[in-house]
Amino acid sequence: MLARFWARAPAVLRPGLGCQVMGRMTEWRRRYPATERKKFYQDVSISQGEGGAFEINLDRKKLKTPQGKLFTVPSEVLAIAVATEWESQRDTLQFFTMHLTTLCNTALDNPTQRTKEQLIRAALKYLDTDTVCYRVEEPPGLVELQRNEWDPVIEWIENRYNVVIGSSTSILGPNIPKESKETFEQHLSSYNSWALVGLEYIIHQLKSVVLSLNLIDRNLNVEKAVLLSRLEEQYQIECWGNVEWAHDYDLHELRSRTAAGTLFVHLCSESSTVKHKLLQD
Amino acid sequence: MAARLLRGILKELRSLSPGPGGIYRESAAYKYITEQFRKNQVTSEKLCRAQQELYHQASTYRCLLQSVRQHQALHQEYHGKRERPTGEVAQLVGLKLPQQPGGKGWEK
Numbered sequence: 549m550l551a552r553f554w555a556r557a558p559a560v561l562r563p564g565l566g567c568q569v570m571g572r573m574t575e576w577r578r579r580y581p582a583t584e585r586k587k588f589y590q591d592v593s594i595s596q597g598e599g600g601a602f603e604i605n606l607d608r609k610k611l612k613t614p615q616g617k618l619f620t621v622p623s624e625v626l627a628i629a630v631a632t633e634w635e636s637q638r639d640t641l642q643f644f645t646m647h648l649t650t651l652c653n654t655a656l657d658n659p660t661q662r663t664k665e666q667l668i669r670a671a672l673k674y675l676d677t678d679t680v681c682y683r684v685e686e687p688p689g690l691v692e693l694q695r696n697e698w699d700p701v702i703e704w705i706e707n708r709y710n711v712v713i714g715s716s717t718s719i720l721g722p723n724i725p726k727e728s729k730e731t732f733e734q735h736l737s738s739y740n741s742w743a744l745v746g747l748e749y750i751i752h753q754l755k756s757v758v759l760s761l762n763l764i765d766r767n768l769n770v771e772k773a774v775l776l777s778r779l780e781e782q783y784q785i786e787c788w789g790n791v792e793w794a795h796d797y798d799l800h801e802l803r804s805r806t807a808a809g810t811l812f813v814h815l816c817s818e819s820s821t822v823k824h825k826l827l828q829d
Numbered sequence: 032m033a034a035r036l037l038r039g040i041l042k043e044l045r046s047l048s049p050g051p052g053g054i055y056r057e058s059a060a061y062k063y064i065t066e067q068f069r070k071n072q073v074t075s076e077k078l079c080r081a082q083q084e085l086y087h088q089a090s091t092y093r094c095l096l097q098s099v100r101q102h103q104a105l106h107q108e109y110h111g112k113r114e115r116p117t118g119e120v121a122q123l124v125g126l127k128l129p130q131q132p133g134g135k136g137w138e139k
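From first to last, the protein sequence lines stand for chains A and B.
Residue 549 is where the first sequence starts when you use our numbering, and the numbers rise one by one after that.
Residue 32 is where the second sequence starts when you use our numbering, and the numbers rise one by one after that.
Not the full set, but computed from the structure, chain A residues with beta-carbon under 7 Å of chain B:
1. 628
2. 632
3. 645
4. 766
5. 769
6. 770
7. 796
8. 797
9. 801
10. 803
11. 804
12. 807
13. 808
14. 810
15. 811
16. 814
In the SDA-like style, the derived pairs of lysine to any residue whose C-alpha atoms are separated by at most 20 Å in a straight line are:
17. 772/A with 86/B
18. 617/A with 662/A
19. 587/A with 614/A
20. 586/A with 107/B
21. 772/A with 786/A
22. 62/B with 626/A
23. 587/A with 107/B
24. 586/A with 49/B
25. 587/A with 47/B
26. 772/A with 101/B
Keep in mind the hints are simulated off the structure, nothing from the lab.
Glycine residues also receive a C-beta, built at the ideal position from the N, C-alpha and C atoms.
Go ahead and model the full structure; you've got the sequences and the hints to work with.
So this is what it looks like as structure tokens:
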């Protein structure tokens with residue numbers, strides 16, 4: 549099947565004999581990271597490798613990361629979800645829809661070579677410019693909407709973590725005390741590095757630490773968190789109308805990325821234990 | 032409400048599976064999700080934390096499947112490789128092609 553694929557490639561790109569099949573694939577991917585490639589497999593399955601980690605098999609080949617490492621995930625449920633992503637591809641592989649795979653690849657390869665502390669710092673940097681803390685002063689409709697929708701989520705976080713955040717209409721943003729930042733830093737360091745990759749991803753998508761923590765702590769669902777993140781945009785849409793190819797496109801992309809990130813964090817940080825309750829006769 | 036959520040997820044999974052009819056029931060995802068929902072039904076506690084966690088996770092997964100599908104559809108519609116007539120392209124940004132009563136100069 550691959551012979552036809554390689555026959556069309558110019559000779560200079562065909563790697564020499566002796567490479568493994570997956571090696572050729574990743575070589576090709578490194579030189580031509582195309583966003584769309586033909587589907588080259590029929591079946592997707594999961595297997596458990598040494599050390600208890602789960603691997604994805606495309607036909608008989610093992611999936612590898614873009615840097616060539618073996619693709620392994622710590623959780624079976626995550627493996628099932630990734631396998632479903634690969635299974636749902638049709639004639640061409642649309643990598644921009646495979647968010648869980650992308651997150652796993654980032655966690656495995658760590659292409660930007662960041663340590664856990666750097667990840668936490670990058671995540672908390674959004675706190676100073678947190679979306680829900682930046683308030684407008686006009687129009688009055690939007691001011692009230694922001695107050696009604698954003699104040700409760702800030703309050704929830706303040707109560708839960710015993711911190712002070714507040715909101716501000718100044719261009720410099722909210723003044724977040726050092727103790728609050730330290731509390732968050734401590735809380736974030738309780739997550740493992742995989743979950744942190746997911747958490748930083750969500751924060752980057754929603755542009756808000758407050759909303760992300762509300763989402764991770766299950767106070768909000770994904771649709772509501774995305775709505776709150778895009779509150780002003782939603783307000784303008786209701787005033788001026790919706791443009792499907794821009795607004796809806798962005799909305800669904802944001803929802804899919806946020807949902808993938810949330811699922812990733814939860815699956816990487818939970819340890820499911822089955823507790824059987826004895827039925828009292 | 033949980034039943035509606037389960038139905039939603041299974042509907043999405045069904046639309047994802049390439050084969051005919053009941054093949055999607057063989058997939059690992061289908062089996063896992065139905066098993067999880069079945070396991071969490073039997074609980075004597077009214078406010079079961081595990082149940083709430085499962086509900087949130089299931090709702091997140093349904094959102095993921097739905098939004099990926101809709102995003103892909105919109106991408107295909109507006110960013111896919113397809114020839115669009117000039118009139119349709121203009122309409123995308125809210126414009127209309129001009130009407131020339133006498134016809135364009137080069138038309139017979």
